[in-house]
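**Student:** From first to last, the protein sequence lines stand for chains A and B.
Using my numbering, the first residue of the first sequence is number 1, and each one after it goes up by one.
Using my numbering, the first residue of the second sequence is number 1, and each one after it goes up by one.
Source of the hints: derived by calculation from the structure; they are not laboratory data.
Be aware that a few hints might be false.
[What the hints assert, rightly or not] Facing chain A, from chain B, some residues (calculated, C-beta under 8 Å):
no., residue
1, 6
2, 48
3, 49
4, 60
5, 62
6, 63
Glycine is no exception: its CB is placed at the ideal position from the N, C-alpha and C atoms.
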Amino acid sequence: MARAWFEKRERGSGWGIRIARTLALALGRRTGRALLWPITAYFFCFLPEGRAGLRRYYEALDGRRPSRRTVFAHYLTFARTILDRAYLLARHRDAPPYEIRGFEAVIPCLERGRGAVLLGAHLGSFEAARAAASLRPQLKVQVIMNVGVSRKLNEALAALDPAAQDSILSLGGAASLLRVKEILAEGGLVGLMGDRPLGGEPTYEARFLGRTARFPLGPLRLAATLQVPVFFFTALYRGAASGACRYELVFEPLCDPAPEAALRGEWMRRLGERYVETLQAYCRVAPDNWFNFYDFWQVQDGGPPRGSAPGDGGDDRVGGRAPMERSDASQDVGARGER
Amino acid sequence: MKSEQTDFEREIAQLLVSSLNLALDPVSIDPEAPLFREGLGLDSIDMLEIALAISQHYGIQMRSDDPENATIFASLRALAAAIKARRA
């Protein structure tokens, strides 16, 4: 069985990343991009699991085994989006341009007392969105993520723009979720990732690119509890070999605010369905933006048991749920994935 | 040994059960037992749900920067006491 992504050690050392960041900003994007070739070649050669994961993805997407060239180009796209994070966060003159689509529908949510949830995925560059959001002074965007896995990278990038770091909330206990509610009340946007389940977390099953995959239930539950409109969100990297690339920030409505607790099961089922459908559609638009470098269809429940992390003083996983009786239909959404 | 719920604790227990839609008799909640993890098994999303229900019913805003957050939700008893104190 493929190891779960969160158990993987982040590749690259802290100082290496800092040097890379300094070099990237000093040398400019053109040179930075040229340097990505040998770096990508290194990771391509020494991360066979990533290659295998992508092969599975392309097989599901196209029905045939991808060429090495396709997989290498995929690695390169990932490297380019990371490089661009440095320019975007530093507001460097080389920061790539971006277009925004579908934001009109989000605008009514930006008033006080409203807010919206952006349900994203490891598709494209959520970071590009964060950086773009910081260019709009009025817009408050808070991204909730499991920062543990790419901590070193996040720290190095955070040094570029401390304000951006403030806008990442690590997956956390009670207080951070109250903070989420406060941000929404101020008319802010809250970003959640809906594609990668953490170990042991309740999941739901959905057909994704023709095969059954598991998606985390936690983000759907959180969106239900927050009772605000939910949008699919992605920032796609649309590149050209010439380096003339841009980012496409896409907002697409998924669901109106959730109803009262007793009726949420059906709402969450619908949200999950639409989310996965939309995710699939954008994978087809920009296949090389899929940044889950593991066998996405192989992840099983059964990571570390609940409460096994010592001394964390609270329930720190969004969506973690101990088995217990629930009377509502929401259990269906979860139960499908757990049996 | 399970301790008895007070009237106000029962009221809060009912609010928990209805807002979380639990298949559980409110009276059966041990007021001293932890609400999260090994106790009732609630998680941080449930806690948010409870916080929202409490603010709706009692007009008490729970803030993210409240240093007492960790203890307020320790048990039904602690929660009831905190609500009472803040309403006063």
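**Student:** Taking the hints in turn, state whether each one holds.
**Tutor:** The hints, checked one at a time:
no.: 1; hint: 6; result: violated, 24 Å
no.: 2; hint: 48; result: holds, 4 Å
no.: 3; hint: 49; result: holds, 5 Å
no.: 4; hint: 60; result: violated, 12 Å
no.: 5; hint: 62; result: holds, 6 Å
no.: 6; hint: 63; result: holds, 7 Å
Taken one by one, the earlier hints fail for this structure at numbers 1 and 4, listed in ascending order.
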